Amino acid sequence: MLVLRDISYKVGNKTILNNISLEVSNADFLIITGPNGSGKSTLAKIIMGIIKPTTGRILYNGKDITNLDVTERAKLGVSYAFQQPVNIKGLRARDLIEAAVGAPIGDTSAGKYLKAVGLNPVEYLDRELDNSLSGGEKKRIEIASVLARNAELTVFDEPEAGIDLWSFSDLLKVLKKQQAKGKTQIVISHQERIINAGNKLIVLKNGAIDG
Amino acid sequence: MVEFSEIEKRILRETIDFYEIPEGAYNFRINGKSVAKKSTANIDVMLKPNGKGLEIRVRPGTKNESVHIPVVISASGMREVVENDFYIGKGAEVLIIAGCGIYNCGGESSRHDGIHRLYVEKGAHVKYIEKHFGFGERLSKKDINPTTEVFAEPDSLVEMELEQLKGVSSTIRITSAELKDNAKLIIKERLFTHGRQTAESKIKAVLIGKDSTVDISSRAVAQDYSVQNFSSNIIGEGECRGHSECDAIIMDHARVTALPSLTANSLDAELIHEAAIGKIAGEQITKLMSLGLTRAEAESKIINGFLK
Chain U
1 MLVLRDISYK VGNKTILNNI SLEVSNADFL IITGPNGSGK STLAKIIMGI
51 IKPTTGRILY NGKDITNLDV TERAKLGVSY AFQQPVNIKG LRARDLIEAA
101 VGAPIGDTSA GKYLKAVGLN PVEYLDRELD NSLSGGEKKR IEIASVLARN
151 AELTVFDEPE AGIDLWSFSD LLKVLKKQQA KGKTQIVISH QERIINAGNK
201 LIVLKNGAID G
Chain D
212 MVEFSEIEKR ILRETIDFYE IPEGAYNFRI NGKSVAKKST ANIDVMLKPN
262 GKGLEIRVRP GTKNESVHIP VVISASGMRE VVENDFYIGK GAEVLIIAGC
312 GIYNCGGESS RHDGIHRLYV EKGAHVKYIE KHFGFGERLS KKDINPTTEV
362 FAEPDSLVEM ELEQLKGVSS TIRITSAELK DNAKLIIKER LFTHGRQTAE
412 SKIKAVLIGK DSTVDISSRA VAQDYSVQNF SSNIIGEGEC RGHSECDAII
462 MDHARVTALP SLTANSLDAE LIHEAAIGKI AGEQITKLMS LGLTRAEAES
512 KIINGFLK
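Line by line, the protein sequences are chains U and D.
Here the first sequence is numbered in the numbering used here, starting from 1 and rising by one per residue.
Here the second sequence is numbered in the numbering used here, starting from 212 and rising by one per residue.
Worth flagging that the hints you see were computed from the coordinates, not collected in a lab.
Bear in mind the structure is a predicted one, so any value in this text is a computation, not a measurement.
Please note that a few of the clues may not be correct.
Claimed, not checked - Okay, derived cross-link-like pairs now, DSS-like style, lysine-lysine, Cα gap no bigger than 27 angstroms in a straight line: (1) 244(D) - 89(U); (2) 181(U) - 115(U); (3) 490(D) - 52(U); (4) 399(D) - 338(D); (5) 333(D) - 89(U); (6) 14(U) - 75(U); (7) 89(U) - 519(D).
Said to hold, decoys possible - Label pairs and their in silico Cβ distance ranges: (8) 275(D) - 67(U): 57 to 65 angstroms; (9) 136(U) - 275(D): 54 to 62 angstroms; (10) 22(U) - 230(D): 55 to 63 angstroms.
As the list claims (entries may be wrong) - Away from chain D, derived, C-beta distances all over 10 angstroms, residues of chain U: (11) 33; (12) 54; (13) 63; (14) 64; (15) 88; (16) 90; (17) 149; (18) 172; (19) 197; (20) 200.
For each residue, glycine too, the CB sits at the ideal point set by N, CA and C.
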């Protein structure tokens with residue numbers, strides 16, 4: 001489904017990623033782990049098109065998507081859950097979910113994505129994406145928006161970071177449910193229980209695949 | 212029944228959500244003339260003898276009634292000053308919908324200066340919605356200058372939604388209020404400017420009475436080469452609470468100035484102001500693009516959400 005060929009990313013003289021090649025098959029649950037600063041988030045952003053690699057190619061379902069932007073990749077079925085969700089003042093959780101679905105939807109449909117991440121739709125559908133939400137609430141709405149995409153491939157950048165009262169096991173349930181639906185997932189994580197749930201594992205170290 | 216032209220209908224749709232003559236009281240002012248007017252058992256809509264405005268009286272105890280007073284200017288070069296006075300009786304609950312739109316395709320400037328005075332008696336509740344809109348030839352001036360004065364008696368509640376949509380060349384908006392004991396004022400202002408438009412908004416609230424409160428929320432988007440100036444002044448004379456929040460998104464080559472001020476003339480005045488001006492963050496665009504929106508769609512979604 002997804003092939004990375006010799007992906008490198010350099011900023012000035014500094015090499016962030018060095019010749020990364022990997023293949024992800026349909027319904028894979030690939031874990032990417034490694035120490036801080038090893039290039040995990042950069043690799044995730046390169047897959048989504050947020051960062052352009054300095055060299056290398058990216059193929060998605062056989063199509064070269066290296067030069068496609070974020071929107072074009074999203075339309076092909078790639079989705080991305082941000083590590084640190086951004087505030088968008090004035091936009092409500094329902095607006096984000098509706099944008100993700102790509103069509104107007106009712107309360108019940110929008111609410112089911114919030115329920116899936118342990119948020120009460122009555123309380124959260126009309127909440128604005130601003131600092132009135134805790135970091136954990138923002139993170140869960142972020143994951144809900146990604147679920148609403150119903151994408152074939154989703155990249156989760158440290159989904160466990162800052163989920164506060166919502167437990168790892170709840171998050172794991174969401175990821176496993178996606179896996180059961182045949183969705184392909186790439187999850188950046190430090191969390192042992194998440195790492196153990198994957199069917200493939202890559203360890204990044206100093207911008208290269210370790211071992 | 213009056214027939215509106217397509218241009219007039221468009222302005223009425225944008226400003227007062229018009230699809231048919233509304234229920235309740237109303238006055239439609241088109242190019243300086245009242246073309247449709249209706250009073251109800253509880254709301255008197257009277258033309259002032261000089262023809263330059265209305266006197267609207269809402270009887271005490273009126274519940275769940277509305278009055279629509281749209282203004283349309285579609286004749287190029289039309290300039291007018293209109294003074295409307297509202298007397299809201301004790302304990303009345305009323306919705307006032309005041310919109311103004313200008314269509315100008317001619318070479319002359321069109322301008323509407325609307326002065327609204329709201330005398331709100333004890334315990335009354337007023338919701339006041341005002342939308343402004345302009346369209347036509349880009350270089351033909353379409354100016355709308357609203358002045359709104361609120362006199363809120365004890366225990367009254369006044370909610371104001373003030374919105375400038377697209378197309379108004381220049382505006383000077385002056386909103387002032389005096390609040391007595393336990394009176395409450397909520398102002399939600401939304402301003403959008405583009406091209407080389409200019410907008411100035413001045414809001415002043417004097418909290419005279421004990422436990423009076425004001426909450427001002429102003430959100431503005433300035434695009435292209437437009438210029439906006441916002442100033443607010445909350446004056447607390449006694450035990451009272453005032454809060455104002457002013458946020459602006461600045462784009463392209465626009466300029467925005469925010470001048471908030473608070474004046475406490477009493478130890479018991481609790482006054483807060485928050486202000487922020489900034490561009491749309493790249494991460495906001497990226498997030499929406501990752502959901503399948505184009506960059507332009509993402510920008511538009513952010514602006515529309517912000518101004519909602």
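Interface exclusion of residue 33(U) relative to chain D, criterion Cβ beyond 10 angstroms: 23 angstroms, holds
Given pair status - residue 75(U), residue 14(U), alpha carbons within 27 angstroms: Violated, at about 32 angstroms.
Pair hint residue 333(D) and residue 89(U), alpha-carbon separation not exceeding 27 angstroms: 36 angstroms, violated
Cβ separation of residue 22(U) and residue 230(D), checked against the hinted range 55 to 63 angstroms: Since the Cβ atoms of residue 22(U) and residue 230(D) sit about 58 angstroms apart, the hinted range of 55 to 63 angstroms holds.
Least C-beta distance from residue 197(U) to chain D larger than 10 angstroms: The assertion about residue 197(U) holds, with a minimum of 24 angstroms to chain D.
27 angstroms limit on alpha-carbon distance, applied to hinted pair residue 399(D) and residue 338(D): 11 angstroms, holds
Reported absence of residue 63(U) from the contact zone with chain D (all CB gaps over 10 angstroms): 17 angstroms, holds
Given as non-interface: residue 64(U), partner chain D, CB spacing beyond 10 angstroms: Non-interface label stands for residue 64(U): nearest chain D Cβ at 20 angstroms, farther than 10 angstroms.
Assessment of proposed distance window 57 to 65 angstroms (beta carbons of residue 275(D), residue 67(U)): 59 angstroms, holds
Restraint check for residue 89(U) with residue 519(D), where alpha carbons must lie at most 27 angstroms apart: 10 angstroms, holds
Assertion that residue 54(U) lies outside the chain D interface [Cβ separation over 10 angstroms]: 20 angstroms, holds
Distance restraint between residue 244(D) and residue 89(U), which requires alpha-carbon spacing of 27 angstroms or less: 41 angstroms, violated
The earlier numbered hints that this structure contradicts are 1, 5, 6, 9, 15, 16, 17.
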